[in-house]
Amino acid sequence: MSLAVTLSRAQEGVAAPQVMVEVHLSGGLPGTHIVGLPEAAVREARDRVRVAIQNTAFEYPNRKVTVNLAPAELPKDGGRFDLAIALGILAAGGQVPREKLDECEFLGELALSGELRGVPGVLPALLRARARGRRVVVPRANAAEAALVADADVLVAGHLAEVCGWLRGAQELAAPAAVVQADDDGHVPDLIDVRGQLQARRALEIAAVGGHHLLLVGPPGTGKTMLAERLPGILPPLGESEALESCAVRSVAGQPVDPAHWRRRPFRAPHHTASAVALVGGGPQPRPGEISLAHNGVLFLDELPEFNRHVLEVLREPLESGRIVISRAARQATFPAQFQLVAAMNPCPCGYAGDGRQRCQCTPDQIQRYRARISGPLLDRIDLAVEVPRVPLAELAAPRGPHDEDSAIVRERVIRARQHGLMRAGRSNAEINTRELERDCALGPAERRWLEAALERLGLSARAYHRVLRVARSIADLDGGAPLLDRAHLAEALQYRRF
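Numbering of the sequence shown is given in full-length UniProt numbering, commencing with residue 1 and proceeding in unit increments.
Hints in this document: simulated from the structure, not taken from any laboratory. Quick reminder that beta carbons are idealized off the backbone N, C-alpha and C, glycines included. A portion of the hints provided could be inaccurate.
[Said to hold, decoys possible] The following label-pair restraints were derived from C-beta to C-beta distances:
#1 D151 / E317: 32 to 42 angstroms
#2 D151 / L198: 38 to 48 angstroms
#3 E313 / A175: 21 to 31 angstroms
#4 A372 / D47: 53 to 63 angstroms
#5 A178 / R449: 58 to 68 angstroms
#6 L198 / R449: 23 to 33 angstroms
Generate coordinates for the entire structure from the input sequences, incorporating the hints supplied.
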């Protein structure tokens with residue numbers, strides 16, 4: 001029989017749909033034809049595969065070779081199908097047995113020597129194959145990434161000859177080595193380094209409890225970036241499924257995954273010259289952007305008004321939905337984007353408005369235009385805004401006091417407070433829907449009247465009203481998880497909406 005079938009997986013966002021590689025040998029003029037909507041790199045596989053087979057001491061069929069990548073409507077790109085195509089050709093010609101092909105999936109690009117090269121997007125493919133109960137053979141270059149999926153049936157190989165020897169029963173393929181998790185305490189910036197800034201530290205802790213977005217406003221050199229960099233260190237550690245989701249995005253983007261720190265929360269800080277595509281993702285073959293690389297972590301935008309306004313506006317939808325959909329004429333890709341936004345800005349173009357030590361040189365009109373670079377709808381989606389004033393030099397030089405806590409102490413409080421939200425709704429306070437908000441943010445009659453009057457005076461929107469309640473819920477959780485929100489919780493939440 002001159003027909004053989006092998007299995008592989010394509011890359012479509014963070015999904016990895018299965019691809020059936022059908023190989024048929026027939027009479028006619030010798031040649032190799034690949035069909036099934038292949039991109040240029042896949043069409044070039046016919047030359048890579050032919051030379052790799054010949055350099056592995058196998059015979060390339062002197063017949064017409066037809067390779068079909070099904071389903072035909074799914075675009076295929078990259079060299080990830082090389083190994084599956086080569087094994088299909090060898091099996092169709094009777095040079096390797098077919099018995100193990102039905103139970104395995106194969107990923108890997110072939111060098112002309114037959115060596116297997118790593119490919120991006122292995123982690124999503126392994127997660128899908130694990131759900132189907134299939135074994136996967138991957139290049140040795142992807143072994144560290146493959147080891148993250150602890151209960152997946154994975155084998156690694158470095159050469160086409162090794163895989164063929166395994167199919168023949170002449171040798172065994174090794175499983176990837178187990179991951180050794182490193183201690184992150186010495187690598188993550190610690191909150192103990194921040195002196196003073198009690199209100200900003202408090203806002204940072206509230207943001208960590210509820211997963212709220214945060215805006216830091218202050219003159220240059222007051223510690224805004226320092227505070228933002230320390231938010232991941234006080235967030236609860238990533239669970240296995242969350243960590244795998246974040247690593248899967250990095251894998252699809254072709255970025256290396258550090259197996260020793262794979263559970264560390266992402267922290268992304270793009271420059272203010274970044275384009276909209278760099279921020280949200282895109283390209284002819286859609287790739288994740290910074291907001292997806294920050295999934296389950298922190299996206300820090302320093303000098304917020306210096307970003308192009310169009311770039312900032314594309315953040316509005318993912319801030320609400322937690323995902324980004326990139327549509328192209330031939331395909332559509334969905335990437336997760338459940339990130340915490342921390343932004344920093346100066347109060348004016350020169351940076352010294354309201355600073356007691358240096359005089360501001362800006363006119364009121366310049367200040368208004370500077371702040372108008374950030375739209376109202378975007379600001380409305382930020383839960384907390386806090387001023388970060390200059391710290392007196394005497395306070396910087398003074399010995400540390402009881403308020404100068406390290407990240408480990410604050411993280412313990414954050415984890416305890418988050419447990420209240422997880423027990424109520426199973427997710428953070430920033431993510432609860434309107435029905436859960438009515439249930440979990442109950443107000444007494446007096447508190448409700450007081451809040452309605454305050455919102456009317458401040459002219460806040462309905463979205464702002466819901467966000468105030470969510471922030472107040474996080475403050476109450478820090479206060480022991482009180483079932484009813486009192487006026488102190490509401491007042492503190494309102495003071496963080498002074499944009």
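Hint-by-hint comparison with the structure:
The hint said 32 to 42 angstroms for the Cβ distance between D151 and E317, and at roughly 35 angstroms that hint holds. The hinted range of 38 to 48 angstroms is satisfied by D151 and L198, whose Cβ atoms lie roughly 46 angstroms apart. A hinted range of 21 to 31 angstroms for the beta carbons of E313 and A175 is inconsistent with their spacing of about 47 angstroms. The hinted range of 53 to 63 angstroms is satisfied by A372 and D47, whose Cβ atoms lie roughly 57 angstroms apart.
Look at A178 against R449: about 59 angstroms separates their beta carbons, and that is inside 58 to 68 angstroms. Taking 23 to 33 angstroms as the suggested C-beta distance range, the pair L198 and R449 conforms, at roughly 31 angstroms.
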